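*Asks:* Knowing the structure of chain A, use the given hints to seat chain B on it.
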Amino acid sequence: MDSGRRARGTLEQEVVAALAAAREPMTPAQVRDQLGRDLAYTTVMTVLARLSDKGLVTRERVGRAYAYRAVRDEAEVTARQMQRLLDAGDDRAAVLSRFVGVLSDDDEQLLTELLRRAEEG
Amino acid sequence: MTTATIIAAVLTAVFAVIGPGLARRLPPAAATRLLVPASLVVAASGVWVLIAVAFTWVAQFQVVSRYGDWSAEQVRAGTPFPTVIAVACCLLAVLALGRATVAGTRRVRVLLAVRQSCRHVGEPGSLVVLDNDRPDAFATPGARGRIVVTTGLLRALTADERRALLAHEASHLRHRHAWWLLAAELAVAANPMLSSTVRAIGHAVERWADEDAARAVTDRRLVARTLARTALLIRAAAPSQALPATGGDVPGRVRALLEPAPRPRVVPLAVLAALLVATTLAAGTVQRRGDELLDQAGTYSPPAATVRH
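As you go down the protein sequences, you meet chains A and B in turn. Numbered as in the working numbering, the first sequence ends at 121 without a single skipped number. Numbered as in the working numbering, the second sequence ends at 1309 without a single skipped number.
If we strip away everything but chain A, and leave its shape as in the complex, we get (with noise of 0.2 Å):
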């Protein structure tokens, strides 16, 4: 069950993450074309709704269909404070978990090495 929930959360994650790159809104078929997983309309369907409900994102009629964007600017004030984690130098900074972390020169180059080896699939 928990595993359950954790999936949804998931699914909502990658749902709010594709909309908030998109430019345009979207409709719940351009979302599941973009997943590009194996998804049902109908799952996509409901995950726009409970992010609906939830306020993260609002939709719009788009000809007959609606069309689904992330909310963005909700809390001004707090989106500004997590901003500052990001600036700040201090060692709030040094407790947050970085995908990644710095690259030196040498590291940059190895990297672009690596990349390379992983995208030839």
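Hint data in this document are derived by calculation from the structure and do not stem from the laboratory. Keep in mind it's a predicted model, so treat the numbers as computed, not measured. Heads up, the beta-carbon is just placed ideally off N, CA and C, and yes, glycines get one too. Warning: the hint list may mix true and false statements.
Unchecked claim - Okay, the calculated bits of chain B under chain A, using three or more residues with CB under 8 Å as the criterion: (1) 1136 to 1144; (2) 1162 to 1175; (3) 1185 to 1196; (4) 1249 to 1256; (5) 1263 to 1276.
As the list claims (entries may be wrong) - Cβ-to-Cβ under 8 Å is the rule here; a few derived chain A residues that face chain B: (6) G9; (7) A18; (8) A20; (9) Q34; (10) D53; (11) G55; (12) L85; (13) F99; (14) G101; (15) L111; (16) E119.
Claimed, not checked - Negatives, chain B to chain A, calculated, CB over 12 Å: (17) E1073; (18) V1094; (19) H1120; (20) V1129; (21) A1236.
*Replies:* Then chain B, alone, in the frame of chain A:
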């Protein structure tokens, strides 16, 4: 007592030297779960030994011996440690405990401050999107932390890559990695010899999240690619940024993902277990010898001795 003390010191040094190697040879989740407590045990044993040795000096003061059942002169005569050594141990013990306390309270305060500042942002565990062109991503500490990603990074990644990124950060939250790192921080504060082991633990924590992500998206190469691309994007956007050290050694993480998933191995486990048992035993022996020293210096006379006329 001298022998046991030397053995304890040597074992601590051995752990400090082979700790990073053990971290590399174990699967990352196991490495974290074992080496963090191991580092704490080694650090605590070290402090224990320092206190035991220091007490052979402290016990020589009348103020102290008056409360114990020993004679200060006899302790002075019986102790195997020169005063200078015992005094040094006393200072080191105070330093170790002081440093651990300072580092601990400071870390906890920072963790709470960060938690406070994201209390009103999204739900616990949710994704928070920052409207910022600069690519970046991080998770705030704790199981109820937030995953924060900028629009700059979300736009630069494909849907699959975003999935890998989210799975990595979700692993940090789910396994409360910030608390493991706090514990490791305490160990190194108490014993600076452990610094390279603790750095290796930091790397293992990132690898742990990488392996979780690889399992979630069932594609190691995808995670490797996401990591490499993100790191290069961030560097291209801000080449000389002074970022904190978390998430370090990206090339090492990418290389590990291009290889098969690590398997549990018995040898490093056995070495670690043996080392821990030996360290604890040595520390315990030092303390017992210290107790014996005080017993022998005892002013308390056993009944058998009092019947002699």
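*Asks:* Checking C-beta pairs, does the segment 1162 to 1175 of chain B have three or more residues closer than 8 Å to chain A?
*Replies:* n = 10 at 8 Å, threshold three: holds.
*Asks:* Under 8 Å, Cβ to Cβ, is where A/G101 needs to be relative to chain B, so tell me if that hint holds or is violated.
*Replies:* Given a least distance of 4 Å, the restraint on A/G101 holds.
*Asks:* Closer than 8 Å between Cβ atoms is the bar; does A/L111 clear it against chain B? Give me holds or violated.
*Replies:* Holds: closest Cβ of chain B sits about 5 Å from A/L111, inside 8 Å.
*Asks:* Far enough from chain A: is every CB of that chain over 12 Å from the CB of B/V1094?
*Replies:* holds (24 Å)
*Asks:* Mind checking the CB of A/Q34 against every CB in chain B and telling me if the closest is under 8 Å?
*Replies:* Hint on A/Q34: holds, closest Cβ of chain B at ~5 Å, below 8 Å.
*Asks:* Would the hint on A/A18 be counted as holding, given a Cβ-Cβ threshold of 8 Å to chain B?
*Replies:* holds (6 Å)
*Asks:* So B/E1073 supposedly isn't at the interface. Is its beta-carbon more than 12 Å from every beta-carbon in chain A?
*Replies:* holds (50 Å)
*Asks:* Confirm or reject the coverage of the segment 1263 to 1276 of chain B by chain A under the rule of 3 or more residues with a beta carbon closer than 8 Å to the chain's beta carbons.
*Replies:* violated (count 0)
*Asks:* Checking hints one by one. Is A/E119 an interface residue toward chain B, by the C-beta closer than 8 Å rule?
*Replies:* Because about 6 Å separates A/E119 from the closest Cβ in chain B, which is inside the 8 Å limit, the hint holds.
*Asks:* Per the coverage rule (Cβ-Cβ under 8 Å, at least three residues), is the segment 1185 to 1196 of chain B covered by chain A?
*Replies:* violated (count 0)
*Asks:* Measuring from the C-beta of A/F99 to each C-beta in chain B, is the shortest one below 8 Å?
*Replies:* At about 4 Å, which falls below the 8 Å cut-off, the nearest Cβ of chain B leaves the hint on A/F99 intact, so it holds.
*Asks:* Tell me if A/G9 is really an interface residue toward chain B, meaning its C-beta lies closer than 8 Å to one of theirs.
*Replies:* Interface hint status for A/G9: holds (6 Å vs cutoff 8 Å).
Checked against the numbered hints above, the structure breaks hints 3, 5, 10, 11, 19, 20, 21 and satisfies the rest.
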